[in-house]
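Undergrad: Residue numbers (my numbering), protein chains in the order written: chain A, 1 to 164; chain B, 165 to 338.
Errors might be hidden in some of the hints.
To be verified - Straight-line C-alpha distance at most 27 Å; calculated DSSO-like pairs for lysine-lysine:
hint : chain 1 : residue 1 : chain 2 : residue 2
1    : B       : Lys-336   : B       : Lys-224
2    : A       : Lys-66    : B       : Lys-336
3    : A       : Lys-66    : B       : Lys-268
4    : A       : Lys-103   : B       : Lys-201
5    : A       : Lys-66    : B       : Lys-224
6    : B       : Lys-252   : B       : Lys-336
In short, the hints are calculated from the structure, not lab data.
For reference, the chains in residue letters:
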Amino acid sequence: MGWRAVALVGWVLVIPWIAAAVLDLPMADAAGPPDLEDKVRAIASELRCVVCQNLSVADSPSELAKEMRNLVRELVEQGRSREEILAYFVSRYGEFVLLSPTKRGFNLLVWVLPFLALIVGGCGVYLVARRWTEGREAAVPAVDPAYAERVRRELRERERLSDS
Amino acid sequence: MSWKKALIPLASVPVILLLAYGFRTDPKAIPSPLVRKAAPNFRLTIFDGGELSLEALRGKPVVLNFWASWCFPACYEEAPLLESTWRKHKDQGLMVVGVDVQDKEANAREFMRRFNFTFPNGPDPGSKISIDYGVYGVPETFFIDREGRITYKHVGAVTPALMEEQVKVLLKGS
């Protein structure tokens, strides 16, 4: 039954994918040339839907986001570049309209700090772990020489007794 | 070793400072990059016929209000104030202009009749003007001076005191 089950699972996984691929083709044609729509979607997904919570202009069903997508499409059709279009929205709404902050100035902190924290934290964990293990080695107490001498003497005594 | 112990409470200082800063700012108050900049030009097709562009109003101070008939209660609260401001100051050259956002024309006309709007109002097809002014929602009001610069932006219903203060600023620059 093993290989049949594998084949069945394989088909179950593959069929929806083929169906989606086949059904998707006419859908992409409906709104405009596929590369134009791809470009519009790519730019719109970098813009924050200003009336939503954590949704991009590409994903929001709101009226304003729809109008923004139309505007992006219009600007792309006019031959404006991605940078020009994003700059236009920033000039109107401020940097807030970008879903990911630009990598310069004060914003760099947002990009650098998590990695910095990871490195500093990692070093901290390493140092603490090293101190703990060193501590354990040092914890073995030095043997009192008098006590050691007594053990040795008693062992000798014992051997002598058992020999005789 | 006492300085090492002091490090623990010291480490909390930047955290407390950050929180003190964060809790004192309103996360919803996003400053408009347009304030103190040139107001974007627009062409508005007036409901009562005709066209109006900001360029043609150069030399006149303008109160530009974005509203909608579905915007309740804020737009309903400030509508009488817009009309009274227009009547009070139009002889001094003040313009009040209304942009109706994402609305049905019949509803918009009903709204204007209800509040006896006599200043020019027009729809914003495709939300072009709204996006050009970085509008988030309605109502939002922009105060534009005689040189066409935005002096102030207000989000939400304008209060009589704020309207008086901002219009005074606009009229003074003559």
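Undergrad: Evaluate each hint against the coordinates.
TA: Verification of the supplied hints:
no., hint, result
1, B:Lys-336 to B:Lys-224, "holds, 12 Å"
2, A:Lys-66 to B:Lys-336, "violated, 40 Å"
3, A:Lys-66 to B:Lys-268, "holds, 17 Å"
4, A:Lys-103 to B:Lys-201, "holds, 25 Å"
5, A:Lys-66 to B:Lys-224, "violated, 34 Å"
6, B:Lys-252 to B:Lys-336, "holds, 15 Å"
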